[in-house]
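Peer 1: Please build the complete structure, drawing on both the sequences and the hints.
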Amino acid sequence: MSNAAKILATLDKHLAKRTSLVLYGRAALVLGFSGAPPDTALSLDVDVILTSEQSAALDQDESFWLALEAANTELAPSGLYVTHLFEESQVILRPD
Amino acid sequence: MKGQGTLAARLGTTVHKSVLLRRFARRGLKTADSIAREAQRRGLDYYMASDAQQVDTPISDTKIEELVVALIHPCLPWEPQRFRLAAALMAAPEVNADLLAALAIQERAASALVAIARAGREAEPEEAFWKNLLARLLGEISIPSGVMPHPSRYMVIPGKVRPGTTGRPHWVRPRMLPEG
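Chains as they are written, first to last, in my numbering: chain W, 30 to 125; chain P, -18 to 161.
Just so you know, these hints were derived from the structure itself, not from any lab.
Hints are not guaranteed to be accurate.
Claimed, not checked - Quick partial rundown of chain W residues pointing at chain P, CB under 8 Å, derived from the structure: (1) Leu97; (2) Glu98; (3) Leu114; (4) Phe115.
What the hints assert, rightly or not - Over 10 Å on every C-beta distance to chain P, these chain W residues come out as not near it, computed from the model: (5) Met30; (6) Lys46; (7) Arg47; (8) Gly64.
Stated by the list, open to error - EDC-like, lysine to aspartate or glutamate: derived pairs with alpha carbons at most 20 Å apart: (9) Lys11(P) to Glu91(W); (10) Lys11(P) to Asp90(W); (11) Lys46(W) to Asp88(W); (12) Lys11(P) to Glu47(P); (13) Lys42(W) to Glu91(W); (14) Lys11(P) to Asp42(P); (15) Lys46(W) to Glu98(W); (16) Lys44(P) to Glu98(W); (17) Lys46(W) to Glu103(W); (18) Lys44(P) to Glu103(W); (19) Lys112(P) to Asp79(P); (20) Lys46(W) to Asp90(W); (21) Lys11(P) to Glu98(W); (22) Lys11(P) to Asp88(W).
Backbone N, C-alpha and C define an ideal beta-carbon position, used for all residues, glycine too.
Peer 2: What follows is the structure, encoded as structure tokens:
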């Protein structure tokens, strides 16, 4: 199991309700593509892009933030975490 | 959340939604100023304005490492005074370098932490804490000039203390820390 899968399975365990998240970065590559480079399985975190609407909705959903905290606490001994949540306006894609 | 005026903007990067700042807000520390006041209560009261109002709820269960990272958080407004509080607080003897580095990486606050730790290593080369901390913050991190305070701002520099004698500069540390 990749680190990304472990992180998301841990988060999923703590979520109080069904929550859709858009991944990007190495976690997205390892989970979305069978031919992803091997090092993508070793990423220590999961990056998430939130639409402005989803971001505003999650701001009002304390259970989501508590789930994130609980997941990070559970993952801490292994050095894994999920904390990098960016609004779509903060994500810049470059050719490199 | 566009990030204008934040440390992140000064560093040329973006802001994110922080789990740590969310937790602080849940415990009553909703602004950068309230986080600074919490640091002042942890033994840095000499940074506190004499007319400061004590309006926040102290969060004594917050780890000192969490407070340091919050003080230098890239998603908060750029404010050099908070970086000075962080520099002093992280030099407290009970600070865990492993935990501090891990939290800073998680919260994308490593740049500011590295800048302060480099200044600490320069000021106190005999102090293992700074070397240990920098060893855990791998990679080359460059910080645009003028973003972080001059290293002298983290220190007390006595200057001439009596004829022919100059006092030894020393890193500012907390006066006292709450138990636990």
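Peer 1: Output the numbers, in ascending order, of every earlier hint that fails for this structure.
Peer 2: none
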